[in-house]
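**Student:** Now for the letters of each chain:
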Amino acid sequence: MGKDTMESVKKLFTTQSAKVDTNRGGEYYTDLYETCRKRLDELKALPVVNNKLDFQQTIMDEGLDRRDFLKWASATTAMLMLPASFTPLVAEAAQVMNRIPVVWIELSDCAGNSEALLRSDGPKIDKIVLDIISLEFHETLQAAAGHQAEKQLEEAIELFKGKYLLFVEGAVPLGMDGQYGTIGAKAETFKDHLLRLASSAAAVIAVGSCATYGGIPAAAPNPTESVGVMDVVSGKPIINIPACPANPANMVGVVLHYVLTGKIPELDSLLRPKFAFGYRIHDNCERRAHFDAGEYVEEWGDNGAKNNFCLYKMGCKGPMTFNNCSIVRYNEAVNWPIGVGRGCIGCSEPDFWDKYAYERPMANANIKAPTGGVERTVDEFGLALLTAAGIGIGIHAVASAVAGKKNSEKDA
Amino acid sequence: MKQETYKKVERMTVAMRSIHWLNATFMVVAVITGLYIGEPYYQTLIAEPAVHKYVMAWNRWWHFIAAIIFDVTSVVIVYLYFFSRFEKPYKKLIPNAHNLNEFGGVFLNLITLNRRKSFDSSHSDSFNTVYFTIFHLLLLFMLFTGLQLYVHGLESGISSIGAWWPWILHVTTDWTIPVTGGNLMTVRIAHHITMWLIIAWVAFHIYYQVWRTIFWEEGDLAIVVGGSKFVKDEK
Chain A
7 MGKDTMESVK KLFTTQSAKV DTNRGGEYYT DLYETCRKRL DELKALPVVN
57 NKLDFQQTIM DEGLDRRDFL KWASATTAML MLPASFTPLV AEAAQVMNRI
107 PVVWIELSDC AGNSEALLRS DGPKIDKIVL DIISLEFHET LQAAAGHQAE
157 KQLEEAIELF KGKYLLFVEG AVPLGMDGQY GTIGAKAETF KDHLLRLASS
207 AAAVIAVGSC ATYGGIPAAA PNPTESVGVM DVVSGKPIIN IPACPANPAN
257 MVGVVLHYVL TGKIPELDSL LRPKFAFGYR IHDNCERRAH FDAGEYVEEW
307 GDNGAKNNFC LYKMGCKGPM TFNNCSIVRY NEAVNWPIGV GRGCIGCSEP
357 DFWDKYAYER PMANANIKAP TGGVERTVDE FGLALLTAAG IGIGIHAVAS
407 AVAGKKNSEK DA
Chain B
22 MKQETYKKVE RMTVAMRSIH WLNATFMVVA VITGLYIGEP YYQTLIAEPA
72 VHKYVMAWNR WWHFIAAIIF DVTSVVIVYL YFFSRFEKPY KKLIPNAHNL
122 NEFGGVFLNL ITLNRRKSFD SSHSDSFNTV YFTIFHLLLL FMLFTGLQLY
172 VHGLESGISS IGAWWPWILH VTTDWTIPVT GGNLMTVRIA HHITMWLIIA
222 WVAFHIYYQV WRTIFWEEGD LAIVVGGSKF VKDEK
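Each protein sequence line maps, in turn, to chains A and B.
So for the first sequence, my numbering puts the first residue at 7; every next one is plus one.
So for the second sequence, my numbering puts the first residue at 22; every next one is plus one.
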């Protein structure tokens, strides 16, 4: 647990619920509308940073029409929990996204979140919006390499000091002085790299479970002592968008919210935007009726699986996972894990690889016994405990029967 | 053999006995339904549409009803620990010389197979009270972890009895997340393991009561039925 753990504990005690107040009254929204209007006008007056792509033109080139774009804008407005009157503002905000400089760095990661952005089923609005953000630096996507790339990064930091959004993908290894992960010719450790870039960013957005909680690099036994961004960076607004990979819809939502209002969205105790992580997967799952009915898939490919029964017995962790993928789904709402017939592995929750992703019900999970080291299932441990108590009782009972002294014998 | 006389001592009031059997019954219900919730161990093979079966839902319903009964009796028991007019158990928990001595005496008598029964067994002794307190702490832990798991389903912040209910559940039970290990799953694992601790507790509890009845010959098992036991009159 990192240094921000105490902060998170404090937040836990003060958190009320994941609920977002979706109706704050006319006055609030009128004010917000004015604020957003002013901010958009300011942004429009700014010169385009670097990305000269024209939004309208890009949409046309990709074979989509304005109607698709407006449909997207109203859906995104709803996702951000704003009234419908904000739709034109959201549409405008999407078009001025190229005024917001973004620096995207990768640490201990698999580039899966970048992949999630790039490899949707076809270029849809979410992707295009992310195409036109002014991506100043992205190791995987940029043409520059080596010293050129480093120079580009230095220039971006200098030019957009205090203005750029820093997207971080991947965990931060702290073991061995951070030497498990270095970057560039000067072998700067990931930790130093992150701290340097975060210090001149406007806000830090941790994308994916690795950047949020350490994720898979931090899974037991965590030899590199990896942690998430929020355990390293302090003194900057941090937004976590966990999941493996993070949903592009939520990334766009966060950026749009920032472009539109100049503020970060309302966050929960784990610094996740509530508009995305205020829902429990289980409660919006299309297979929920089968859960309540006790109809479960018993093994892969059985009749239950063919009939879309609940995946709880196959280890689905929807009941313990907060994310909006049962609502917005992935790849432009094409499908999501439970939709394709496999359980949720809780990828947006802390410690998910160790505590969620074992694809068995919890009572049957190979988790570590409290003694540590030895793998034991919870039930085996419990049964062992009960057996020990039973043996103790048995020995005592037999000993009492053989050698015990009744009060009457004492008196006799 | 001299004539033995016994005197009757009151040990449990009607209220205490009612709570005991209520707890015992609903503990069985909670364990049976809880094991099903942990891993549904029987299949629903009724040829009915999902909406008519409701097997998991009924298991959860009974589990929550049992839990809420535990929660209420727990509050009553905490009250009785301090304010009972009959016997105030907290007095036996204070680690003063008398209580430590009594605890040691009863424990040694247990492991020496009733060879050192030199303590006053007419009242609830310190060993017994400590043992019961462990149980109530386990039950309290189940209460907090259970309500934490329960409030996950109320993420909208609203409930049938008002918004104050999920709010108060968050305020009183959110600490179980960092204490058990940092995420919602660890709360669930802790809740499950504590069930086994409670079952082990019950196993020894029943054994110890039977053993006392056999070896002390004071009718201890009758306490929970009739409310009284008999101790030898030493006069």
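Hints are supplied without guarantee of correctness; some may be wrong.
Calculated Cβ distances over 12 Å to all of chain A for the following chain B residues [to be verified]: (1) Ser39; (2) Glu123; (3) Ile227.
Pairs of lysine to any residue residues, derived as SDA-like cross-links and limited to a Cα-Cα distance of at most 20 Å, are as follows [claimed, not checked]: (4) A:Lys77 x A:Val340; (5) A:Lys77 x A:Ala51; (6) A:Lys411 x B:Val72; (7) A:Lys280 x B:Ile179; (8) B:Lys74 x A:Lys280; (9) A:Lys50 x A:Tyr34; (10) A:Lys269 x A:Lys312; (11) A:Lys312 x B:Val72; (12) A:Lys280 x B:Gly178; (13) A:Lys411 x B:Lys74; (14) B:Lys138 x A:Ala405; (15) B:Lys253 x B:Ser139; (16) A:Lys411 x B:Leu129; (17) A:Lys312 x A:Arg348.
I should point out that these hints are in silico values taken from the structure, not numbers from a laboratory.
It should be emphasised that the depicted structure is a prediction, and the values quoted were computed from it without experimental measurement.
Glycine is no exception: its CB is placed at the ideal position from the N, C-alpha and C atoms.
**Student:** So, for every hint listed, does it hold in this structure?
**Tutor:** Hint by hint, here is what the structure shows:
1. Ser39 (chain B), annotated as away from the interface, keeps every beta carbon of chain A farther than 12 Å; the closest lies near 27 Å.
2. Its beta-carbon lying about 18 Å from the closest one in chain A, Glu123 (chain B) satisfies the requirement of being farther than 12 Å from that chain.
3. A cut-off of 12 Å between C-beta atoms contradicts the statement that Ile227 (chain B) is not in contact with chain A; the least separation is 9 Å.
4. Annotation: proposed proximity of Lys77 (chain A) to Val340 (chain A) holds, straight-line Cα distance about 16 Å (limit 20 Å).
5. In summary, the hint linking Lys77 (chain A) to Ala51 (chain A) is not supported, as the alpha carbons are separated by about 26 Å, beyond the 20 Å threshold.
6. Under the criterion of a C-alpha separation no larger than 20 Å, the hint pairing Lys411 (chain A) with Val72 (chain B) is inconsistent with the structure, at around 61 Å.
7. At most 20 Å may separate the alpha-carbon atoms for a hinted pair to count; Lys280 (chain A) and Ile179 (chain B) meet this at roughly 16 Å.
8. Pair hint Lys74 (chain B) plus Lys280 (chain A) does not hold up; C-alpha atoms about 34 Å apart against a cutoff of 20 Å.
9. This hinted pair does not check out: Lys50 (chain A) and Tyr34 (chain A) have alpha carbons roughly 24 Å apart, beyond 20 Å.
10. For the hint pairing Lys269 (chain A) with Lys312 (chain A), the CA-to-CA distance comes to about 46 Å; that exceeds 20 Å, so the pair is violated.
11. As the CA atoms of Lys312 (chain A) and Val72 (chain B) are separated by approximately 18 Å, the hinted pair is consistent with the 20 Å bound.
12. With a C-alpha separation of about 13 Å, the suggested pair Lys280 (chain A) and Gly178 (chain B) falls inside the 20 Å cut-off, and the hint holds.
13. A hinted pair counts as satisfied when its Cα atoms are at most 20 Å apart, and Lys411 (chain A) with Lys74 (chain B) does not qualify at roughly 56 Å.
14. For the proposed pair Lys138 (chain B) and Ala405 (chain A), the alpha carbon gap of about 17 Å is at most 20 Å, so the pair holds.
15. At most 20 Å may separate the alpha-carbon atoms for a hinted pair to count; Lys253 (chain B) and Ser139 (chain B) meet this at roughly 13 Å.
16. Simply put, Lys411 (chain A) and Leu129 (chain B) have alpha-carbon atoms about 14 Å apart, close enough for the 20 Å limit, and the pair holds.
17. Of the pairs offered as hints, the one joining Lys312 (chain A) and Arg348 (chain A) holds, with about 12 Å between alpha carbons and a cut-off of 20 Å not exceeded.
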